[in-house]
Structure formats: structure tokens, C-alpha cells
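The listed protein sequences derive, respectively, from chains A and B. For the first sequence, the tail end lands on 156 under this note's numbering, and the numbers increase by one without skipping. For the second sequence, the tail end lands on 156 under this note's numbering, and the numbers increase by one without skipping.
Keep in mind the hints are simulated off the structure, nothing from the lab. Predicted, not measured: the structure shown is a model, and the values here were computed from it. Please note: incorrect hints may appear among the correct ones.
A few chain B residues that face chain A, going by a derived Cβ cut-off under 7 Å, partial list only [as the list claims (entries may be wrong)]: (1) Tyr-17; (2) Thr-20; (3) Leu-24; (4) Asp-63; (5) Ala-66; (6) Gln-123; (7) Ile-129; (8) Gly-131; (9) Leu-133; (10) Ser-137.
Residues of chain B placed beyond 12 Å of chain A at every Cβ, according to the derived structure [stated by the list, open to error]: (11) Arg-13; (12) Pro-22; (13) Glu-32; (14) His-75; (15) Val-99; (16) Glu-112; (17) Leu-117; (18) Gly-120; (19) Gly-126; (20) Ala-142; (21) Asp-149.
Here a beta-carbon is modelled for each residue, glycine too, at the ideal position from N, C-alpha and C.
Residue-level listing of the chains:
2 protein chains.
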Amino acid sequence: MNAPPSDMTQALREAGYRLTRPRLAVLQVLRENEEGLDPQEVHRLGKALCPSLGLVTVYRTLDLLAELGLARRVHSEQHCHRFASATCGDAGRDSHHLVCRGCHRVVEFPCEGLEGLIEGVRQRTGYTITGHLVELSGLCPACQAAQADGEKEADL
Amino acid sequence: MNAPPSDMTQALREAGYRLTRPRLAVLQVLRENEEGLDPQEVHRLGKALCPSLGLVTVYRTLDLLAELGLARRVHSEQHCHRFASATCGDAGRDSHHLVCRGCHRVVEFPCEGLEGLIEGVRQRTGYTITGHLVELSGLCPACQAAQADGEKEADL
DNA sequence: GTGCTTGCAAACCCTTTGCAGTGAA
DNA sequence: TTCACTGCAAAGGGTTTGCAAGCAC
Numbered sequence: 001m002n003a004p005p006s007d008m009t010q011a012l013r014e015a016g017y018r019l020t021r022p023r024l025a026v027l028q029v030l031r032e033n034e035e036g037l038d039p040q041e042v043h044r045l046g047k048a049l050c051p052s053l054g055l056v057t058v059y060r061t062l063d064l065l066a067e068l069g070l071a072r073r074v075h076s077e078q079h080c081h082r083f084a085s086a087t088c089g090d091a092g093r094d095s096h097h098l099v100c101r102g103c104h105r106v107v108e109f110p111c112e113g114l115e116g117l118i119e120g121v122r123q124r125t126g127y128t129i130t131g132h133l134v135e136l137s138g139l140c141p142a143c144q145a146a147q148a149d150g151e152k153e154a155d156l
Numbered sequence: 001m002n003a004p005p006s007d008m009t010q011a012l013r014e015a016g017y018r019l020t021r022p023r024l025a026v027l028q029v030l031r032e033n034e035e036g037l038d039p040q041e042v043h044r045l046g047k048a049l050c051p052s053l054g055l056v057t058v059y060r061t062l063d064l065l066a067e068l069g070l071a072r073r074v075h076s077e078q079h080c081h082r083f084a085s086a087t088c089g090d091a092g093r094d095s096h097h098l099v100c101r102g103c104h105r106v107v108e109f110p111c112e113g114l115e116g117l118i119e120g121v122r123q124r125t126g127y128t129i130t131g132h133l134v135e136l137s138g139l140c141p142a143c144q145a146a147q148a149d150g151e152k153e154a155d156l
């Protein structure tokens, strides 16, 4: 059980938006589900916290949160329209996600070491680079262990 | 005007698929438009090459080509459902695109210098990294020039 | 000739819009 | 009390499915 996302409610408030139960529900759902959810899933889970929650409100709230940098859109080959909680604040437009192929959990990582790549591309292509989207995929430690167990069982 | 994409037709054939006019049209459209097209655009352009081309067929063909590695899905914050021609063959799952914010042209770039980043993330998170999606966005030289011209005019 | 492929129409489903009622400040 | 916000209903638009006709092999 997570504590209410006080940082985020603060940020919403400071941006001049009202703190309503539907918005709190969406925030809480994103916090409790790191794996990235699509609007339908947010709606389904959010109704547990706010039974009157409408799907339309989920769409509007997700847009709002993404705009404020409190949520971020997650893209992958399979799912393009998922949202995950952002750590906090206006994290800017660039995103660096690590998506687990097993449990779909999404974690962020600091994007150090990309400057060299960007500089090289800039020199080679003549483009000015203004944004980047880096999404790594792999297996988290838990899913690695689960996979190893599965293989052991298969060997019996 | 491009030559017919002979490598690709060969690959289609070898995979046991028939070479039909709609498929050739879709292939050709992807080849002639590097910037990445959504299915609607492929359909519109493809009708010039094959007037009877149906939108449904475009969807089915794009899926097929993506599966064979002849086309690749392009994701970005704005457009998640675009397709671009793959250089050729089964180019693997990893993609490195540079998207121009002005003209939406997509170019690929060699992804050197990412190993260090990946290794760092692996050590820090314990994840095994099996794939990556890197998309840089910016302005191509032509659009930079266009923008500069626009600003000059605005100054008058 | 065979059966994979196509195109049409319709179904589906996700997303957005319009609008009147509701509730946070 | 005010008006931003919500939920409902309906519209909108992209994508998929079913099926008979067409065409590559």
C-alpha cells in the first residue's frame, strides 16, 4: 500500500489545478503500478479508489499529468499508449526507460553517456538534436530468476 | 524514381509469400518515402501505383513486412504507428532513428557508443538488456535553413 | 485449377467532443 | 457562490474481421 502521492498533489496544486478525487485516484494508480498502464487499465484500477471514475476523465487526467511531467508516456514495440508515473517534477521531454519484457515493469535510469552518441550523430548528419527517447528492454532480476527456475523445471 | 525493390521482393518470395501488385506497391511506397508513413499515407500514395489498393490490404501488408523485417515500426512521442522501410533483411529488433521535427524524415544511424550506457545500466539495475529503442529528434539541415529563413522574414 | 490474397462492408474499439450537473476553493 | 471539473452519451476515426471474388503460382 502506498502513501498518498503528496509530492504530486503539491505539484498539481501549484500548477493551479484543483485536487479532485478522480485525479487523486489516477495518480495513486500510476504510483502503485510501475509497469505502465494504458488508459483502460488505469480506469479499471482507478474505479476501486473512486467508483464514479469515468474513462473520459482518465484520458483527460493522463493528458494533464503528462503535460505537467507527473506522468510519462511509454512507447514500446507492442504498446504505444501506456503511461507510467514520473519520478516527479517537470522532468522535461526526454525519457529514458528500462522495460522488463517479463513483468512490463518500467524503471527510469539517468541518461549519462548519451552525449557522445548525440554529438557523433550531429557531426555525421548535420542535424541539430533537440530531444531523445531511449528505451531499453530486457529482464529484471526477478524475471531472470523466474526464467531460470522455469528452465530448471523443464530440464527435469 | 526508384528501381523496383528487388532485394525485398526476393525476400518475400523466399519466405513463401506471393508477389502481388498491392504488396509491390506498398514496398515501393516505403522505399520512396524515408520519412516514415502511417497506414493511411501508405494507402493514399500506394493507390497511385495500384489504383485498386485497399486500406485493409495496406494494414495486412505492413504487418507482414514488419514481421519479415522488411519494414519497421517507427515510434515517437507524436506518432506511434508509422512504418519505414528497413534497410534490408532481418535487421533485428533494435532501432536507432533520427526523426526531423520539421519534415518528419527518418534516417537511421549506427548506434555506436551505446554499449557503455547499456553496461552502466546493467550494473546499476541488475537487468539483462536485450534490446533498445533509441530515437533522436531534431532538425535536419534543410529544415534548419528553412527555419532560419523564416526568422529572417519575421524580422523584417 | 488451387488456395493464397484482395477489397468491400461492417463490426470493433479506442479516443474525443458536447453539454449539463457537481463539487473544490 | 463560482467555475473548473466530471460523467454520460454520442460522434469520430483508426483498425480488424468475415466473406466472396480475383489472381499468382
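Checked hints:
1. The criterion of a C-beta within 7 Å of any C-beta in chain A is not met by B:Tyr-17, whose closest approach is roughly 22 Å, and the hint is violated.
2. Among the interface hints, the one on B:Thr-20 is violated; its C-beta lies about 27 Å from the nearest C-beta in chain A, farther than the 7 Å criterion.
3. With a least beta-carbon distance of about 26 Å to chain A, the hint placing B:Leu-24 at the interface is violated under the 7 Å criterion.
4. Checking B:Asp-63 against chain A by beta carbon gives a least distance of about 13 Å; that is not within 7 Å, so the hint is violated.
5. For the restraint placing B:Ala-66 at the interface with chain A, the shortest Cβ-Cβ distance is roughly 9 Å, beyond the 7 Å limit, so the hint is violated.
6. Hint status for B:Gln-123 relative to chain A: violated, with the closest Cβ pair at about 11 Å, above 7 Å.
7. With a least beta-carbon distance of about 4 Å to chain A, the hint placing B:Ile-129 at the interface is held under the 7 Å criterion.
8. Checking B:Gly-131 against chain A by beta carbon gives a least distance of about 4 Å; that is within 7 Å, so the hint holds.
9. Evaluation of the B:Leu-133 hint against chain A yields a held restraint, the C-beta minimum of about 4 Å falling below 7 Å.
10. About 4 Å separates the beta-carbon of B:Ser-137 from the nearest beta-carbon of chain A, less than 7 Å, and the hint is met.
11. B:Arg-13, annotated as away from the interface, keeps every beta carbon of chain A farther than 12 Å; the closest lies near 26 Å.
12. With 12 Å as the threshold on Cβ separation, the claim that B:Pro-22 sits away from chain A holds: the shortest Cβ distance comes to roughly 25 Å.
13. No Cβ of chain A approaches the Cβ of B:Glu-32 within 12 Å, the least distance being about 21 Å, so the stated non-interface status holds.
14. Once the 12 Å rule is applied to beta carbons, B:His-75 is inconsistent with being away from chain A; the minimum gap is 4 Å.
15. Interface exclusion of B:Val-99 from chain A breaks down, the closest Cβ pair being 9 Å apart, not more than 12 Å.
16. At roughly 7 Å, the least C-beta separation between B:Glu-112 and chain A is not larger than 12 Å, which violates its mark as non-interface.
17. Residue placement check: B:Leu-117 does not keep its beta carbon more than 12 Å from all beta carbons of chain A (closest about 4 Å).
18. With a least CB separation of 6 Å from chain A, B:Gly-120 falls inside the 12 Å interface cut-off, contrary to its annotation.
19. Not every C-beta of chain A lies more than 12 Å from that of B:Gly-126, the closest at about 4 Å, which undercuts listing it as non-interface.
20. Its beta-carbon lying about 9 Å from the closest one in chain A, B:Ala-142 breaks the requirement of being farther than 12 Å from that chain.
21. Taking the minimum C-beta to C-beta distance to chain A, about 16 Å, the non-interface status of B:Asp-149 holds against the 12 Å cut.
Hint check: violations occur at hints 1, 2, 3, 4, 5, 6, 14, 15, 16, 17, 18, 19 and 20; the rest are consistent with the structure.
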